[in-house]
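Between the sequences and the hints, there should be enough to build the whole structure, so can you do that?
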Amino acid sequence: MSQPEVDVCIIGSGAGGAPMALELGRAGFKVVVLEKGPHYQPKDFIHDEILNSRRNFFMPVPWEEPHLVRQGATGRYEKTSAAWTANCVGGGTVHMSGFFYRLKPVDFRLRSTLGAVPGSTVADWPISYEELAPYYDKAEAELGVSGESVPHPFAEPRSRPYPLPPLDVHPVAKEIDKACGAMGWHSLPTARGILSKPYRGRAPCSYCALCGSYGCETGAKSGTNASLIPAALATGNVDLRPGCMARTVEVDKQGRARSVVYLDADGVTREQPAKVIIVSCTAVESARLLLNSTSSRFPRGLANGNGLVGRNLTFSSFGESHATFRLSKQSAARPWLKDPSPFVNRSLQDFYLLPDARYGFRKGGTLGFMWAHPNPIHAAVGLAGKGPKALFGKALKDQMRAYRDSRILQFEVYAEFLPTAGTYVSVEDGVKDRYGIPVAAITVDRHPMDLAATRFLVERGEEVLLRLDPDDVQRGTTTGETSILQHGTCRFGDDASASVLDKNCRAHEVPNLYVVDGSFMPTGGSVPSTLTISANSFRVADHLVRKLKG
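Per full-length UniProt numbering, the very first residue in the sequence shown carries number 1; after that it's consecutive.
Simulated from the structure, these hints should not be mistaken for lab results. Misleading hints may appear alongside valid ones.
To be verified - Ranges between beta-carbon positions, derived for each pair:
#, residue 1, residue 2, range
1, K178, P438, 52 to 62 Å
2, A390, R76, 23 to 33 Å
3, P438, R256, 37 to 47 Å
4, G72, K338, 22 to 32 Å
Small disclaimer: the values here were computed from a predicted structure and weren't measured. Note that CB positions come from ideal geometry on N, CA and C, so glycine has one too.
The structure is reproduced here in structure tokens:
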């Protein structure tokens, strides 16, 4: 069933899709936004770990909508919910923690800085930090970002302060500042996509501590569901359609994108024609959509004549350690311990790039300090462990009581996940989801430099924790990856033979097809990428508005 043609059809309403909808709607163009998931309202965001946590409220279950993941091309695929972000209006910005870092100038020229990296397909960006900087400013203002800019070795240039002052922080932040200063390092405030004051009709943070994994019932968290989508709808030019799963993007005889075929909330197959089609489903799911959009013109998938759709997938390298402070052992040396404030908001970026490769790598990353998330069920699963030594009964209860009577300070590492030829997305025709669509199949082949950098950063973070005189420090992992942060499957570039998109995120092979989620990024940087995706989307929207008006 075909609908009337519109100017633009956008698939996805998260960090990439929402800025496009807002700017195109403001410019007077008729826009349809297709969102696979529901449109949750603030009343739906209940702080209940069973009903409303990320793993079951926002993500599909693997027996209905699996991703297939394997380690190396000879590995065996396993069905998993890994590499999904939220399926709802606002996408992953709804359940994010809201750590809003910018990339650094070096991230845009990593290939030039590091040179050829054996075993990696690392590439420079076709744009510079200076070109994206005005759109970082715009994204921070439109979304609502709180923070404070301070000098540090890898401080990115800024033309203006953050739109909002920093959030109130726990006294342990000053202790981290002292510990870092004693080692000659530079602790810095972490910018957050959370309102510290009333802003554009939205209420400020209530300091509930349940940011990550949950939706925000006050609208203080700057997900696109609370910030950009309402503004886009207010233009009167944007038609938001939740519960609509895109199946394929169709093309005409000239090879131009013609329409999106999708299943609506009632399971009815519909077709939405548009003059321009914008894909923003996440790097994994956008690659899946394009690879499933085959035709006589594009037998290997839409815009995939050079075979690069789905290639060069990157996540974020992840590491973690945590310090335990027993409340029963509170001393004069740490009077701050019982303060209930939820935010630490301290980061360390002194090791973002090393001057030489004496440690086996040069590109380092970011350490972000925080209190452990107060999810008792999640904590119990971790405390219980797995296998024959797993705890249960009284032993597990004793561990849970000790956990309850402690405060856990942790840090997370965001490090470069170097692109490799062996890490990519394909589709598996033999496995279909509940919509009958072939699922995304992810192959991961990590570069050894990733692991060396992550281990190094974890060791530096543990040095900070030990200076706070904890009762215990325990290492979590140095070999992890954060698959919610994903990039690269449709990387942009000036060379059409080596990239899928041009510098304005338009497909080289399809002149009216754009991709604006993390897929465009040749490298992921060493920070969460949400703010960068939104900034780039505002940049592309600016270009597209001028082009359409011209």
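Right, here's what the structure says about each hint:
Distance hint for K178 and P438: a CB-CB separation of about 54 Å, consistent with the stated range 52 to 62 Å. At about 25 Å, the CB distance of A390 to R76 agrees with the hint of 23 to 33 Å. Range check, P438 to R256: Cβ separation about 24 Å, and the 37 to 47 Å hint is violated. Restraint check, G72 to K338: a C-beta distance of roughly 48 Å breaks the suggested window 22 to 32 Å.
Violated hints, in rising order: 3 and 4; the structure is consistent with all others.
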